[in-house]
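Mind docking chains B and C on chain A? Use the hints.
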Amino acid sequence: MIVCVAHNITSPLGMTSAENYSAVKAGLSKLRQYDGLWGLPEPFVASLIEREAFTDNRHTIVEQMAIHSVSKALENAGIDTTSEKVIFIISTTKGNVFLLDKREQGFPQERVRLGMMARQITEYFGNPNEPIVVSNACISGVCAQIEAMRYLEGGGYDAAVVVGVDVQSAFIVSGFQSLKALSPEQCKPFDANRRGLNLGDAAATVIYIRKDKVAENEWVACRGAIRNDANHISGPSRTGEGSYRALKATLGDIDPATIAFINAHGTATPYNDEMESVAIERAGLSSIPVNSLKGYYGHTMGAAGVLETVISMQAIDDNNILGTRGFDTLGVTHPLDITSCNRTTAKRAFIKLLSGFGGCNAALLMAKGGLQ
Amino acid sequence: MDELIYTLKKQIIEALNLEDMTPEDIDENAALFGEGLGLDSIDALELIVMMEKNYGIKLKDPAQGKEIFKSVAVMADFISKNRTK
Amino acid sequence: MITHSVIITSDKVVVDGQTLPHKEQGSAMLTELYRSHVGDYPKFFKMDTLCKVGFLASELLLNAEGDRNFEPREDRAVILFNRSSSLQADTHYQSTIQEADNFYPSPAAFVYTLPNIVTGEIAIRNKFMGETSFMVIEDYDEQTIMQNLANAFQDPVTESVISGWCDCMDEEHFEAKLFLNNKLSNR
Chain A
1 MIVCVAHNIT
11 SPLGMTSAEN
21 YSAVKAGLSK
31 LRQYDGLWGL
41 PEPFVASLIE
51 REAFTDNRHT
61 IVEQMAIHSV
71 SKALENAGID
81 TTSEKVIFII
91 STTKGNVFLL
101 DKREQGFPQE
111 RVRLGMMARQ
121 ITEYFGNPNE
131 PIVVSNACIS
141 GVCAQIEAMR
151 YLEGGGYDAA
161 VVVGVDVQSA
171 FIVSGFQSLK
181 ALSPEQCKPF
191 DANRRGLNLG
201 DAAATVIYIR
211 KDKVAENEWV
221 ACRGAIRNDA
231 NHISGPSRTG
241 EGSYRALKAT
251 LGDIDPATIA
261 FINAHGTATP
271 YNDEMESVAI
281 ERAGLSSIPV
291 NSLKGYYGHT
301 MGAAGVLETV
311 ISMQAIDDNN
321 ILGTRGFDTL
331 GVTHPLDITS
341 CNRTTAKRAF
351 IKLLSGFGGC
361 NAALLMAKGG
371 LQ
Chain B
373 MDELIYTLKK
383 QIIEALNLED
393 MTPEDIDENA
403 ALFGEGLGLD
413 SIDALELIVM
423 MEKNYGIKLK
433 DPAQGKEIFK
443 SVAVMADFIS
453 KNRTK
Chain C
458 MITHSVIITS
468 DKVVVDGQTL
478 PHKEQGSAML
488 TELYRSHVGD
498 YPKFFKMDTL
508 CKVGFLASEL
518 LLNAEGDRNF
528 EPREDRAVIL
538 FNRSSSLQAD
548 THYQSTIQEA
558 DNFYPSPAAF
568 VYTLPNIVTG
578 EIAIRNKFMG
588 ETSFMVIEDY
598 DEQTIMQNLA
608 NAFQDPVTES
618 VISGWCDCMD
628 EEHFEAKLFL
638 NNKLSNR
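Protein chains in written order, with this note's numbering: chain A, 1 to 372; chain B, 373 to 457; chain C, 458 to 644.
A hint or two may mislead.
Counterexamples of contact, computed for chain C against chain A with all Cβ distances above 10 angstroms [unchecked claim]:
1. M458
2. T466
3. S467
4. T488
5. P562
6. G587
7. T601
8. A607
9. E628
10. H630
To give an idea of the interface, some chain A residues facing chain B are shown, with a C-beta separation under 8 angstroms as derived from the structure [to be verified]:
11. S178
12. L179
13. P184
14. S234
15. R238
If you are wondering where the hints come from, they were derived from the structure by calculation, not from laboratory data.
Backbone N, C-alpha and C fix where the C-beta goes; we use that ideal spot for every residue, glycine too.
Chain A on its own, in the form it takes in the complex:
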């Protein structure tokens, strides 16, 4: 079985997984309005990290956040990253894209390539293998974990370090503004008055190993699936095709009653949340509580799948189903049990669901102690 041995979240809400979880549990967020930042003519709401905290001028802010996150995760992991049996899988959508701006100085242009960025991270940890970058839009973080599971199942590697990272810039923010996808206020996932998404900075890490026997308190990545809507490159499917199929493949013959919650993508755009409600209902899962973490962090893109998996594992460790910050009144046509505040649970499994541009969707089933 594929077991998580360590994790970290590096975000505006904290530099460790524990700091992040306690902030989220307390309902905190660093989402705020920025006006005139990076010369952008229109204001935007985002969750941004203090750039000044990262002072290593040999690495970009993106690389530094990833390195910090992996370093923290490695502290108690017992993993030797210099071994050729350890593979790094990096999840990012835009990496160092800010280097394309002609005003940016100080780093060679080649660092804009995701593979070069990834090498900075593996070289830092002395890893001899070529890193693989999963760049599957917003679902990258779950895809990278599925990729890690497959590499470990396939043999050849003893451990996989999965790190998701994306840092906001004028490039990304102006792009989402041009798509009219950003909310002018803090986002409201699944709410009747939702007006779009917020963007956020984050890096998050999970380290997986393969094990034959699993202890009761160990987290197992059981199964994951990636499916396409085959509908439109930027608009979600009205029938929730890909998310529905990813959920169905991931759930398999598992009794839905064992699932504590579905941690949805829940970006708070009108179309995404509606699509997820269709997909969850089609998969026969509408009785399972659903939450979204975008109201705490915004959409952290390549980091989202890893970050949201780590927060969800900690919630189960705490017998908790987290509330959906920003949600008040149900605003999707297919009734879902969206959690507005924290609830207790004794269940030990959850599903992480994501969807993204390119029509891609991914789901991942995580269970503490493995599937019964």
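The following block gives chains B and C in isolation, referenced to the frame of chain A:
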């Protein structure tokens, strides 16, 4: 107005990469979206940018596009009344 | 097992080992290939260069397979690799925001600033509802691609995979090496 309509058709073809079309292929009174040219939501957003760039018209609410982009003739009428450049 | 293969570079097109004749090179060659081998998919002209190259390579690959019916299917995956991610689209989008006094961010350009859009375009064209995935590695490495392909069949639904390399440096320089792989004969 005819000149504006012709220019607009050329600009739409360029902005939306309608490579196989000529201005003559576009009926200025036919619906731009839906059946017509097979345009989608991204095309609508791109037309908003095109109007801002070429005519200095900034739409406050993208939903306004629905009315304005009914046809090239409607669009030309709106532009002639609201243009700042 | 590989059942069909297609190579497209800026000046060469090879289908199942046979060179495909063409007059043009670079971006003009892509338009020529579209007109002579596809023709009925005007969305092609909206695509960035990475998508055009991947789309055309997949069209030639699937034409070589034959019996195209465009019925929805979940058992075929599209898993591609490259080096430059979406660099050409990124550079194009950056040019729409570079100057403060000519700042008109283009939504149509922005939607292509993700490398996996090409896998989505192939899925949309063919109604492939199976896995789509895009990965970036700094150097072309056949072993990584083949290892990944073998891993992809761990998904029990996946019976065949369009896999390979699809890289685009700029509008005139690109390289695609796509393979159609079948699970049954793989074992």
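Let me make sure I understand: some of the numbered hints might not hold for this structure. Which ones are they, in numerical order?
Violated: hints 5, 6, 7, 8, 13 and 15.
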